[in-house]
Amino acid sequence: MAAVANMPVSDLLKSFKLKTKQQELLIRVSILCLVYILAFITRLFSVLRYESMIHEFDPYFNYRTTLYLTQNGFYDFWNWFDYESWYPLGRIVGGTLYPGLMVTAALIYRILHFLRFAVHIREVCVLTAPFFASNTTLVAYFFGKEIWDTGAGLVAAILIAVCPGYISRSVAGSYDNEGVAIFALLFTFYLFVKAVNTGSLAWSLASAFGYFYMVSAWGGYVFIINLIPLYVLVLLITGRYSMRLYVAYNCMYVLGMLLAMQIRFVGFQHVQSGEHMAAMGVFFLMQVFYFLDWVKHMLSDTKLFQAFLRITVTCAVAVGTIALGLGMLSGYISPWTGRFYSLLDPTYAKDHIPIIASVSEHQPTAWSSFMFDFHILLFLFPAGLYFCFKRLSDATIFIVMYGLTSMYFAGVMVRLILVATPAVCLISAIAVSATVKNLTVLLRSKNKGVQTGSTKGSSSSKASSKALLDQSQPFQKNGAIALLFGAFYLLSKYATHCTWVTSEAYSSPSIVLAARGAHGSRVIFDDYREAYFWLRQNTPPDAKVMSWWDYGYQITAMGNRTVIVDNNTWNNTHIATVGRAMSSYEDEAIEIMRSLDVDYVLVVFGGVTGYSSDDINKFLWMVRIGGGVFPVIKEPDYLVNGEYRVDKGAAPKMLNCLMYKLCYYRFGEMLTEYGKPPGYDRARGVEIGNKDIKLEHLEEAFTTSNWIVRIYKVKPPNNRW
Amino acid sequence: MGRASSKEDAGTLFHSLRSAYAATPLNLKIIDLYVGFSIFTALIQVVYMAIVGSFPFNSFLSGVLSCVGTAVLAVCLRIQVNKENKEFKDLPPERAFADFVLCNLVLHLVIMNFLG
Numbered sequence: 001m002a003a004v005a006n007m008p009v010s011d012l013l014k015s016f017k018l019k020t021k022q023q024e025l026l027i028r029v030s031i032l033c034l035v036y037i038l039a040f041i042t043r044l045f046s047v048l049r050y051e052s053m054i055h056e057f058d059p060y061f062n063y064r065t066t067l068y069l070t071q072n073g074f075y076d077f078w079n080w081f082d083y084e085s086w087y088p089l090g091r092i093v094g095g096t097l098y099p100g101l102m103v104t105a106a107l108i109y110r111i112l113h114f115l116r117f118a119v120h121i122r123e124v125c126v127l128t129a130p131f132f133a134s135n136t137t138l139v140a141y142f143f144g145k146e147i148w149d150t151g152a153g154l155v156a157a158i159l160i161a162v163c164p165g166y167i168s169r170s171v172a173g174s175y176d177n178e179g180v181a182i183f184a185l186l187f188t189f190y191l192f193v194k195a196v197n198t199g200s201l202a203w204s205l206a207s208a209f210g211y212f213y214m215v216s217a218w219g220g221y222v223f224i225i226n227l228i229p230l231y232v233l234v235l236l237i238t239g240r241y242s243m244r245l246y247v248a249y250n251c252m253y254v255l256g257m258l259l260a261m262q263i264r265f266v267g268f269q270h271v272q273s274g275e276h277m278a279a280m281g282v283f284f285l286m287q288v289f290y291f292l293d294w295v296k297h298m299l300s301d302t303k304l305f306q307a308f309l310r311i312t313v314t315c316a317v318a319v320g321t322i323a324l325g326l327g328m329l330s331g332y333i334s335p336w337t338g339r340f341y342s343l344l345d346p347t348y349a350k351d352h353i354p355i356i357a358s359v360s361e362h363q364p365t366a367w368s369s370f371m372f373d374f375h376i377l378l379f380l381f382p383a384g385l386y387f388c389f390k391r392l393s394d395a396t397i398f399i400v401m402y403g404l405t406s407m408y409f410a411g412v413m414v415r416l417i418l419v420a421t422p423a424v425c426l427i428s429a430i431a432v433s434a435t436v437k438n439l440t441v442l443l444r445s446k447n448k449g450v451q452t453g454s455t456k457g458s459s460s461s462k463a464s465s466k467a468l469l470d471q472s473q474p475f476q477k478n479g480a481i482a483l484l485f486g487a488f489y490l491l492s493k494y495a496t497h498c499t500w501v502t503s504e505a506y507s508s509p510s511i512v513l514a515a516r517g518a519h520g521s522r523v524i525f526d527d528y529r530e531a532y533f534w535l536r537q538n539t540p541p542d543a544k545v546m547s548w549w550d551y552g553y554q555i556t557a558m559g560n561r562t563v564i565v566d567n568n569t570w571n572n573t574h575i576a577t578v579g580r581a582m583s584s585y586e587d588e589a590i591e592i593m594r595s596l597d598v599d600y601v602l603v604v605f606g607g608v609t610g611y612s613s614d615d616i617n618k619f620l621w622m623v624r625i626g627g628g629v630f631p632v633i634k635e636p637d638y639l640v641n642g643e644y645r646v647d648k649g650a651a652p653k654m655l656n657c658l659m660y661k662l663c664y665y666r667f668g669e670m671l672t673e674y675g676k677p678p679g680y681d682r683a684r685g686v687e688i689g690n691k692d693i694k695l696e697h698l699e700e701a702f703t704t705s706n707w708i709v710r711i712y713k714v715k716p717p718n719n720r721w
Numbered sequence: 001m002g003r004a005s006s007k008e009d010a011g012t013l014f015h016s017l018r019s020a021y022a023a024t025p026l027n028l029k030i031i032d033l034y035v036g037f038s039i040f041t042a043l044i045q046v047v048y049m050a051i052v053g054s055f056p057f058n059s060f061l062s063g064v065l066s067c068v069g070t071a072v073l074a075v076c077l078r079i080q081v082n083k084e085n086k087e088f089k090d091l092p093p094e095r096a097f098a099d100f101v102l103c104n105l106v107l108h109l110v111i112m113n114f115l116g
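Sequences listed follow chains A and B, in order.
Here our numbering is used: the first residue of the first sequence is 1, the next is one more, and so on.
Here our numbering is used: the first residue of the second sequence is 1, the next is one more, and so on.
Careful: at least some of the hints might be erroneous.
[As the list claims (entries may be wrong)] In silico lysine-lysine, DSBU-like type, Cα no more than 30 Å apart, as pairs:
1. A/K691 <-> A/K715
2. A/K21 <-> B/K29
3. A/K303 <-> B/K83
4. A/K694 <-> A/K544
5. B/K89 <-> A/K390
6. B/K89 <-> A/K194
7. B/K86 <-> A/K296
8. A/K544 <-> A/K618
9. B/K29 <-> A/K145
10. A/K676 <-> A/K691
11. B/K86 <-> A/K390
12. A/K303 <-> B/K86
13. B/K83 <-> A/K676
14. B/K29 <-> B/K83
15. A/K691 <-> A/K713
16. A/K713 <-> A/K694
17. B/K86 <-> A/K194
Don't read these hints as lab results, they were simulated from the structure.
With these hints in hand, go ahead and build the complete structure from the sequences.
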């Protein structure tokens, strides 16, 4: 024991006797392990600050379905008809969701229980996204290795582990489709590029399975099924086609299409929807192209081949256009749906589909968002493009196309920064890796040059020429060292920025609000859960709750009550009915509520706390959506000179509509801020106009401790004489 | 005059194609025969669908796509086995055939699930 301790450290290290290749492998593996752990722990801020709970709105639906899956098994889950949402219509859950996320979480849960770890399904759900983020870093490493070399792979893994664009949708607690889908997207792209590089059927089969997993996880799979045919088309046009491309694309397309059609929500879209026709078109084009190539190879005479070419091409083009035209005209091939059409024409949604335009994540991206989410990657991206163009290959063409198309879409819609993040990280990694490699080669070669110069050093002429070289060499060497320090500084600034962004902006659970009190202490508002649990414990089990669609998933998951509309937003007329009820006078609204069997109405009000995402700020969207279906509701009725006001000068319809009454009931006597009159709305910054509110058909059932959620009971009709 | 020369052209085209094809090795010709058979089966199914209607659509799709799928996979096998392709010089034909069998297995398992 003492002898070992006496042995110096250098002897201990020498005893390992590692060769250079093994040293390199050790360094790589240890870096990847550290990056894996880093990607996981940087997403745990909200679990440490608050508690392990599900965030936001959509994850609550995913959590509820996962709970149902683990309790009732896959068959019941796949055929589930949910009567607790969209009363009285119900929802066919089995056919209208993407099951990938739920099945993945249930599988992890089963494995953990098999290993005798008795975890609750909620913990598994909360930590699924960070786990898959770590896996994404591994895939990014392999992808970088495929495109460029291992150095670029390592840098790509590091960049994507902390990039805020990805973290925003994959923190612990954000149990949403994107957490798994980005992993599936990058994995599919990696397998496809590997298949194109090797030309092996086995890799194409793997990429088909990767595509299947992506289709089961997220509706954004449409990006894959359009980018890959576009890539194939670009390769065909630029003349870089090869036999490997044929094998890779065809196997992936046929098998991938068949596998994708097993998901009920996708159904027959691969042969009937306009969004998937590009893939089919490129499939047929490939058959014609390679057939012509084969015939050209067989025929030695070029003139004959020209004739054959002419006949075949005209036939193929004619058949193709006739089929496509017939399909589109007869309506068999449906045109692009609104969701994806608004990506090509950003003004479409504002005019035609207000529901899509109202979601804040669907707005065009500002430059500040790009800088916030990407930091130095924003200027490393063009540098990486330059390097890719310098060394063009099948793989680099793919990553360039992925980067450019995803950046265009990220500019159209904020939410799609997430899809662009892997491409930006990979391309920036190429820039960083190539630059650092060049600089270190410069450093190393100068050292060798100086050494050989000094060891050789014989005749005076040689010595003088070497001396001249030596004079310019130190400047280059200093320049290289300076640039390396600069690169190191930038990367460390990037890491700091990413951690700060994660901590400040992307780790809030949205369901629990925090603020700074008067003396700097932290104040927590847990009103949402307070209200939902009140609903759960104090209302009859078959009570129906009407609220705006934002809160539907949370009410069904935590309050366990039937709702009228929820975040799925599949039925615009039903949502417009609720919007109309909220915007009408109380007498008209009670008719609508009685027709829908509503027992309770839930509104969110931020006037006491200064919370700005409440229903009064969302009210104009309710008016627009309601007015889109029922022309009775006119938006100018609620505005004064085009201005939206809630104080004395507001429009009379605004001061007396149901939403105003429900939010501001009894608020007129409330003192919210020192030095301001009673009834001062802190979120809008004005004193409200109508303080004396009387409700005729509703009564107040519950208001949370900070007045954020208010629940009203619908009174039964009066007894007749 | 144009018509006569195009007919002549078609004739010489056909003959030269035939003679060039006769030179391909036997194993490739067998694969070509299999591809032709698959496409023919797919065409028969499409004609049948045109006569009796497309309900149930999933069965029709699975039938046609199984034929198209095996045809495409056989063409991939042909590409990988063909000695004239320089890119696949290092690939042993047994490996190519094993990949072909694996992909066909997956294809038919999915088809069986989709038939309904």
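Now the hints, each set against the structure:
For the hint pairing A/K691 with A/K715, the CA-to-CA distance comes to about 22 Å; that is within 30 Å, so the pair holds. Our distance criterion of 30 Å between C-alpha atoms is broken by A/K21 and B/K29, whose separation comes to about 48 Å. In summary, the hint linking A/K303 to B/K83 is supported, as the alpha carbons are separated by about 27 Å, within the 30 Å threshold. Distance check on the hinted pair: A/K694 and A/K544 sit about 23 Å apart at the alpha-carbon level, within 30 Å; holds.
With a C-alpha separation of about 29 Å, the suggested pairing of B/K89 with A/K390 holds against the 30 Å cut-off. Annotation: proposed proximity of B/K89 to A/K194 holds, straight-line Cα distance about 18 Å (limit 30 Å). The hinted pair formed by B/K86 and A/K296 meets the criterion: a straight-line CA distance of about 17 Å does not exceed 30 Å. Distance hint between A/K544 and A/K618 is fulfilled; the C-alpha atoms sit about 22 Å from each other, no more than 30 Å.
With a C-alpha separation of about 40 Å, the suggested pairing of B/K29 with A/K145 is violated against the 30 Å cut-off. At most 30 Å may separate the alpha-carbon atoms for a hinted pair to count; A/K676 and A/K691 meet this at roughly 15 Å. The straight-line distance between the Cα atoms of B/K86 and A/K390 is roughly 26 Å, inside the 30 Å bound, and the hint therefore holds. Restraint check: the Cα-Cα separation between A/K303 and B/K86 comes to about 26 Å, which is no more than 30 Å; the hinted pair holds.
Between B/K83 and A/K676, the direct Cα distance comes to roughly 89 Å. Violation of the 30 Å bound is thereby established for this hinted pair. Taken as a hint, the B/K29 and B/K83 pair is honoured in the structure, with Cα atoms around 13 Å apart against an allowance of 30 Å. The hinted pair formed by A/K691 and A/K713 meets the criterion: a straight-line CA distance of about 21 Å does not exceed 30 Å. A hinted pair counts as satisfied when its Cα atoms are at most 30 Å apart, and A/K713 with A/K694 qualifies at roughly 14 Å.
Only pairs whose Cα atoms come within 30 Å are accepted, and B/K86 paired with A/K194 is accepted, the gap being roughly 19 Å.
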